[in-house]
Every structure is written in structure tokens, then in C-alpha cells.
Amino acid sequence: MTATSTAVGIAGAVRSGERSARSVVEEHLAVIAARDAELHACNHVMVDDALATADAVDAAVARGEDAGPLAGVPVVLKDNLCTRGVPTTCSSRILDGWRPPYTATVVERLLLAGGIPVAKANLDEFAMGSSTENSAFGPTRNPHDTSRVPGGSSGGSAAAVAAGYAPLALGSDTGGSIRQPAALCGVVGVKPTYGRVSRFGLVAFASSLDQIGPLATTVDDAALLLEAIWGPDAMDSTAIPSQPEALGGDTDIAGMRIGIVEELTDVEGIAPEVKAAVERAAAGLDAAGARVERVSVPSCAYGLSAYYLIAPAEASSNLARYDGVRYGLRVDAADVAEMNAKTRDAGFGAEVKRRIMLGTYALSAGYYDAYYGQAQKVRTLIIRDFAQAYERFDVLLSPTSPTEAFPLGAKTADPLAMYLSDVCTIPTNLAGHSAMSVPFGTGAEGLPVGVQVLAPAQGESVMFRVARAVEGIVA
Amino acid sequence: MSTRISWDQVRHVANLARLALADDEVAGLADDLGVILDHAQDVAALDLEGIPPTAHPIPLENVLRPDEVRPSLDRAEVLAAAPEAEDGRFRVPRIMGDAP
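Note that the protein sequences, when read in sequence, are chains A and B.
Heads up: the first sequence is residues 1 to 475, going by our numbering.
Heads up: the second sequence is residues 1 to 100, going by our numbering.
Bear in mind the hints are in silico, worked out from the structure with no lab data behind them.
Being a predicted model, the structure only gives us computed values, none of them experimental.
A hint or two may mislead.
[Claimed, not checked] Between beta-carbon pairs, the in silico distance windows are:
| # | chain 1 | residue 1 | chain 2 | residue 2 | range |
| --- | --- | --- | --- | --- | --- |
| 1 | B | 28 | A | 298 | 53 to 61 Å |
| 2 | B | 68 | A | 23 | 40 to 48 Å |
| 3 | B | 24 | A | 246 | 50 to 58 Å |
| 4 | A | 255 | B | 68 | 49 to 57 Å |
| 5 | A | 413 | B | 70 | 45 to 53 Å |
| 6 | B | 62 | A | 246 | 25 to 33 Å |
| 7 | B | 67 | A | 320 | 49 to 57 Å |
| 8 | B | 94 | A | 96 | 22 to 30 Å |
| 9 | B | 68 | A | 273 | 52 to 60 Å |
| 10 | B | 42 | A | 387 | 44 to 52 Å |
| 11 | B | 77 | A | 338 | 43 to 51 Å |
Beta carbons: idealized from backbone N, C-alpha and C, even for Gly.
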């Protein structure tokens, strides 16, 4: 990355008056116009809004005002973040054409920081999926190989950053939906601690797991965006009420204790090259003065099963709001119950229905204790096992995704095979911790591989320090 | 596959979830749910007696604020997004009883 293409570089140049925000935005809109017919990373390009916002930033600079840490930096928004007056679809027919009457806190904050939303990015419908093939508007393609998926569910956000639509994007991560596409597209993706970033204006999928976070081409750029959006919010009572400590720019990892999680590295179906990448990253960290050892976090082996009971259960409740009454699609019928049911059948895609059904089943009379109740107890075990590991280690390491990007259509007929793409990322969400994916070379097929750095709740500072060190190791 | 979900079970759950599934969707979901729940047997089969459940990852206290009047969403803007509205309210089809 050249200094002029990173968010840090652009913001510096715009703040000093060396470049105009308008010229930066026009350049990036031109990239979107040139590539998006092929990649389909965007559901909606905000041309007029983006140029108007850029002009406002330029006017602030001309008046000698502080234009903010993200001055003039284009940002792509996952299309499950509400933007007042701008279509917000969640890539679902049921919200096609909806224009929210309010704006998400994260979007308000990045505007205050001088950032410029340029597009709404494609996603798996309601963020349910691992390939962005579950979009009602068609899949996004991986910029590194357009016959392959970008990962998901924030596949549009990851592809947009990888293709140079913007140096930054926002995604959401419920079981790996920022980190897995970041790995498959060769960019940095961060899942912050649960509650560290306000969820106000994020369309809810699984409320005890969802978290918004940044995607970027460099670790420092991801830090810049995270620091612009995080912190307490009166509009989200689950946001952590204390101010976060600044991330700092440390790269020194001498004496740091790093554990490679066995249950997330020796997983079923892992590509040997992905495992080798984690080992090379570990060796590099060791050479930089860290002490790297293997560690067992036994209950992580049950993470996938627990997640696919808890997340659908919460989704079945959250998605009850799409009933054809207040917004979105309505299919007419003689009475209201029939209208609700016909609207939902017509408006939701196959994967969303599968999860609503799975969640409703897991919560229904006679099955609650056996499935949802057991999964909640497994969640306790995962939190306990991580706590033990973090007594011995400052951060943990694993692959982000077991494989490189797979071909479009490879897993669409087999839900369970698709779910296994998230096996390495899910435990972090169940525990409410932070984790991020850092690009680390390529695999057997020449496509990007990501290494995952995991840290405890509110461990972002140490996590970013290790991520910078991983970034500095030649893969 | 050890977890078998019948079509009747699928239809019952679909009714709870307010989904008017077509017959081919019922058949597909019976198979899919069976496979996914089969995979979940590793969790269902664990002995977790005495382990407390976790519903939420971070210990949080309820957040209270004074009950003061503040601006809320603009009613016209909200109703403009509704499939049908009348007299400042959402309009829906008949809820109970026969049509007039």
C-alpha cells in the first residue's frame, strides 16, 4: 500500500490541503464504476451524497477547521447499517426499497470524523452466510479470482476494500462475518469486543453475538476507523459504558506470551497451507521475541454446534418484526395472519428461512432444554476455557478460515459444509471477546490466507500490537 | 441420519414462525433440519449438569435514564415506508371475525 492509498495517508493529505476530498472521492467512485458490474460488491452507490459530503469536508479544511481523523476517506458500509433516506436492504427482498428514517451511530460517528460513505455493500441476506451467495440481489465475486466467493457475510465490504473501492469498510460479525471474508479477500478485518461498538442502527441478526467492526488494507487503517466509531452510546444499552483506551502504535512484542489454539488449528478439513501459514506467523513472532506455545481450549470443539443453535434462536426472534406491517414487502391476503405468513415466505430467501425454522424449533416446547439450553451452557464452558488460556497467554493465534476462497456454488447445496467455514471464528463471538484477521501470504491456489489474532474482552490494544507484528513478518 | 424431522413437525414450526411454506420447501427443510440437528447432537449429548447457562457474554447492568420527552422519529417519514397507512396509523387486513 502506498501512503496515498491508505486511510492514514489520505486523511493526512486532505487535512493539510494537499489533496481535496472531492478528488479522492471521484477517484474511488471511478474504480467502483469500472469494476462493480463484474464484482457486484455494492447494492447501492451513494454518488451524490458522497460528493456533497466531500465538498463539506473541503469547505471545513478551507475554513481552517479540524476536518477530523478520517478527513476525506471513502468508506463502504455493509448494507445492514441504517442510513437515513438511503436504501438499506440487508440484501433481502423483504426490505427492497426501504429507506430508514434514522442513521446508525457508527455512520454518524464516521461522518463526524470526516469519513465519506460511498456505497452500501452486498452481504448474505440479513448477514446469514459465509459466501455472500445468499444475497437476494446476486453474489459478490472475489477480486483475486472472480470465479470464487469473497467469503461472507460481509463479502461486499471485503471485496470492496480488496478492489480499491475505498481504503475502509464497515462490516458486522456474528460468527466470523468480518474476519472470514477479510481472510478470503486478503484484507484486515476486526471483530471488536462485544459492546465496544454501538449496535444502534445495525439491523439485528443475533443480538448477543452481533458486533460492528472495520475492514481495511492495513492494521493501522483498521485502528483509525475503530477509534472513530467505538465507545459508549446512549442509544445502545448493551454498549460498554466506559471509554476505551487508545490503541497506540506499539509493535514491540518482546516477552509476550502467545498460544496457538489446537482446537481451532487442527480442525476438520483444514488446508495444509493454511495451517503452515499459522506456523510461519508463529515462528516470526517467536523470532521477534514472543514466547509461542500450543494451547488447548477444549470446549471450542463444540463452538460450531452451539452457535448454530443460539444464533438461529435469536434470529428467529429478531426477524419476527418483518411482518408486512410497518415497512418493506407486503403480500396481500384476506386476514392479517395469512398476510404475515405469505409476506415472510415471499420476502425471505432459503437460508434465512432455514435459520428461522431451526431457531424456532430449538426454542419450541419440548426441545428448548435439549438444544438451546445445552448450547447456552456450552457458551459458559467456552468462556471458562478461554479464561484459563488467558491466564497463561496474552493473545491466542489460529487460522481465520480453514481454506482459501472456494468456487461459487461449491457449498450452496450443503448448509453444514458452508457453516464449517466459520469454525475458527465462532468461539470469539460466543465468548464476547475480540479477534482480528491479518492477511498472511497465499495458499496452494495462490489466494489470500488470513491469520487470526484472538484477545480477551477489551483486549484490543494488545491484539493490535500483535497484529502489527504479524503484518510486519514477510509471509 | 439419526435426527428425523417429519413434514408435520416442519409445518407446525412454520406456523409458529409465520412462514407460509410451499410443499417443496417443507420437504427440503425437513431434510436440512435433520442434518443440522444431527450435527448438534454433540452438544445435546453433553453432561452439563450444574453448569449455568450464558445468555449474554458481558455482565451488564440495566441502564436507566430520566423519563423525559425527547424528539422521536418523524411520524410522516415512518408511515411513508409502510405498505399501507391511513389516518396517521399503519393499516392492516382484518385481524379477527368475518369480512363485513
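Results for each hint:
1. B:28 - A:298: 53 to 61 Å: violated (35 Å)
2. B:68 - A:23: 40 to 48 Å: Once the Cβ atoms are compared, 45 Å apart, the range 40 to 48 Å for residue 23 of chain A and residue 68 of chain B holds.
3. B:24 - A:246: 50 to 58 Å: holds (55 Å)
4. A:255 - B:68: 49 to 57 Å: Since residue 255 of chain A and residue 68 of chain B have Cβ atoms about 52 Å apart, the given range 49 to 57 Å holds.
5. A:413 - B:70: 45 to 53 Å: Check passed, 50 Å falls within 45 to 53 Å.
6. B:62 - A:246: 25 to 33 Å: This hint holds: roughly 29 Å between Cβ atoms.
7. B:67 - A:320: 49 to 57 Å: violated (27 Å)
8. B:94 - A:96: 22 to 30 Å: holds (26 Å)
9. B:68 - A:273: 52 to 60 Å: holds (59 Å)
10. B:42 - A:387: 44 to 52 Å: Cβ of residue 42 of chain B to Cβ of residue 387 of chain A: about 22 Å, so the range 44 to 52 Å is violated.
11. B:77 - A:338: 43 to 51 Å: violated (29 Å)
Violated hints for the displayed structure, listed by number in ascending order: 1, 7, 10, 11.
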